[in-house]
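Take a look at the letters that make up each chain.
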Amino acid sequence: MVDAYLAKLALCTTPNQFNRLHIALESLLAPAEICALIDGVRERSLAVPPASVYWLGQMDTLLRGDGRRVQGYVRHAIAQGASAYAAPGDDRARMGRTLVLAFTGDAGRLMMPISLFLQHCPADRYEFVLLTDQTRSFFLPGITGLGNDFPTSIARLRDLCAPSRFGRAISFGTSAGGLATVWAAVALGLARAVSVGGVTPAEVTERDRTKHMSTEAFDDAIRRATRLPEVLLVAGERHERDQGKALTMSALLPATTITVPGAENHNVLFDVWKAGGLDDLLDRLLA
Amino acid sequence: MTFAERLERHARDRADVPALVSARATLTFGALVHEVDRLARTLRASGIDGSRIVGVTVRGEIDHLLATLALLALGCPMVALASREPAATRARLALRVGVALVLGERPDDAIDGVPFADFHAIRANAGAGSAVPRHDPSRPLLYLTGSGTTGEPKIIAFSERDLSMQSDAHIDYSRERVLRPAHVEYNNSKRMRLYTLWQGGTCILADGATDAPTLLCARHAVTWLELSPMHGASLLEATRVHGPLPAYTRVRIGGARAPIALRRAILAEVTPRLYVSYGTTETSFVSVADPTMHDEREPVGRPTPDTEVLRADRTRAAPGESGTIRLRAPGMATAYVGDDVATVRHFRDGWFEPGDLATLDVDGQLIIHGRADDMMIMNGINIYPVEIERILERHPAVETAAAFPLPSGVHGQIPVAAVELRAGMRCAGGELVAFARDALGVRAPRRVEVVAALPRNAQGKVLKRELAAGFARPDA
Amino acid sequence: MDARTIREALVEGLEAGAVAKASRVDFRGPFLDGALDATFAELELDSLARMELCIAIEVALGVSLAPEELERYPTLGALVADIEERLRG
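Protein chains in written order, with this note's numbering: chain W, 1 to 287; chain S, 1001 to 1476; chain V, 2001 to 2089.
In short, the hints are calculated from the structure, not lab data. A few of these clues could be false.
Said to hold, decoys possible - Partial chain W-side listing against chain V, Cβ under 7 Å, derived:
id, residue
1, N16
2, R20
3, E206
To be verified - Far from chain W, by Cβ distances over 12 Å, these chain V residues were calculated:
id, residue
4, D2002
5, G2034
6, R2072
7, G2077
The C-beta atom is built at its ideal place from N, Cα and C for all residues, glycine as well.
The task is simple: from the sequences and hints, build the whole structure.
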């Protein structure tokens, strides 16, 4: 893992190239993988470029700076647009966990590096499947590698991830992943959907790439559902647009809006993390 | 750590989490610790100090658990003398264990020649009593009767250390609300309730309520409903009357074979969240099949490497090959009380051998075929009753089948079966014989009798000896 | 290299940084046509978005800009103009 990183580092010369590599790693690697890079470079006393020194130091502070253990999530790819993060465990251990289908925003993250997010979710309680839409089309054309439209993709996802074997299965999404989050929970009969600053069908019509795409299947799914999930919509108190999105979604199905007090930015999760409140917020949203 | 110390920790960290819940009462961990301590002091002041083995006959489930926990706190060895068992059975168990005092509720609970203490009278005298001294958690305190339906029940004694290790290896109940309709006086319920409390989860107790489990689950927000297969069949009936379980309730069936027909019916009508587990009293939890794993083989999940299947020569069987099963587990029993012969036979080299036949299939699934003792030999051919039962239960008219041997001087043992039909169905035994012959050939039952109800013991296990005795009479 | 290509690279970078405005129907088309501009203030770029924008500019256009340097430009239009300058000479 360290050697692969070094090889990629060797190809970088400009600050932007280093940033591109590091952003990609932030959006993919589990906490233990990042820590293996940090520790591996340090243990082998490797000379790495300043951009790498800086990034490794930043990640060390983000992930372990408060003294917390490295969560034992192990990553494996399910499809091009889907990666699973789960600590090792036998059937008995896994049946007590909550499965979280997590739909990322346009930047392919959950408002922060995935490793930082996972550090705040105990690995003995959760397993994550991280879903990305690199076409930035709100997942309407489906998840790459799992089908050509959203309903097909989440049906395939259900077959692959077997939510029924877990104690609980929920969906979680940020920003551009918000609509997909609610839709997946409705269609798969999940216990809960959590949408943080999440988009609604209204934003679909506003975006150039998706303005001609239909969200009727979402309305159908709501109509046909025998039982609706608990829907939590999270928005910063002072972010009008996100408050507006929550209102819009609340009109489509029963939902509870959770307002983060004082929050002004769209990226409420990172702000809450900075204030030291992410463990509690995620516990409230996921548990 | 003793149980008392563990509960004290829960009283600190989750004081307001319900520990025991019934229709009439809720005891949080904070309140539970207080009640148990009070009762322990009172029992001690009445002369129960842990130096004698106590037989417990207490009918209310919350009361029974309080008594159990108080005796554990006192370091007092105990055995449940179940109120539902006949007097002779209770007396025999008390004798074998060496009960020196019966803690009961009614004069009838007393056992000849054994001192009796009135549980409620003692409780009513709850005075200060002095603090209970700490004891060694590795002392055997909880006497339980073991697995198996043949001969006298085997007796095991577990320490709190054993129970804590079993709890940690069991399903995670720490955030769950667990309902077991089977009374806490019984073995499996007793252990599971103690595991739940050890882990800090909530015990939902029917405690005499006669409501259907479906209603209890909704009323108490039950997240785990744990049943024997017999209770599973009742659950189907209850669902047809009262509607399905809440979406958050998972069902776990254990304790005996869960036929595929029952599993499918539950999946179709009661809940998709069906789990089937396998374990023994001697070793506790072994494995569990989750909702995605149910098929014709009737698997019970993928166990850890502490489960092995052995050939007759005691080498390990290959995947897919059947043999006898042996088990290891943290906190397991290592001997039977007062039965050296059975101990030597069943506990070997640090493993427990229940005497069950099983297969570890190529996909890692464990399949239990039944007791090795039940295997029949007809003219040198090995026939497992469970094979016959599975085939007969595929017939649309058959609800439950029980296969067993008729002894024959000529052939050794002849397989026959008795069946209960589905409600409203009619079928002749002869038709079932032909049906089974098609599938099983020489291993088919030579006679099948339709009975109104299979004879069963209190736990729901079919009493095949009684059936065999009935068959031996000439045909009417 | 024409201004439109530069603008496309900027939009690509903004979208990668999850800047919502960049994808909006009422912004994207007119901006690419050169008929609309936006201030950096109203775009509300966080550190990730600034990095993604610079990466896209470098990858698509070969111009190396550091994220901190973006502070020099009040609007996207000013940035487009400066990139055009650099590419010319």
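Hint check:
1. For N16/W, the shortest C-beta to C-beta distance to chain V is roughly 4 Å, which falls under 7 Å, so the interface hint holds.
2. Given the 7 Å rule on beta carbons, the hint for R20/W holds: about 5 Å separates it from the nearest Cβ of chain V.
3. This hint holds: E206/W has a C-beta 5 Å from the nearest C-beta of chain V, less than the 7 Å allowed.
4. Non-interface status of D2002/V relative to chain W is upheld: no Cβ of that chain comes within 12 Å, the nearest being about 20 Å off.
5. Distance check on G2034/V: its Cβ is at least 16 Å (rounded) from any Cβ of chain W, clearing the 12 Å threshold; non-interface status holds.
6. Against chain W, the non-interface label of R2072/V holds: every CB pair exceeds 12 Å, the least being about 16 Å.
7. Non-interface call for G2077/V relative to chain W: holds, since the shortest CB-CB distance, roughly 19 Å, exceeds 12 Å.
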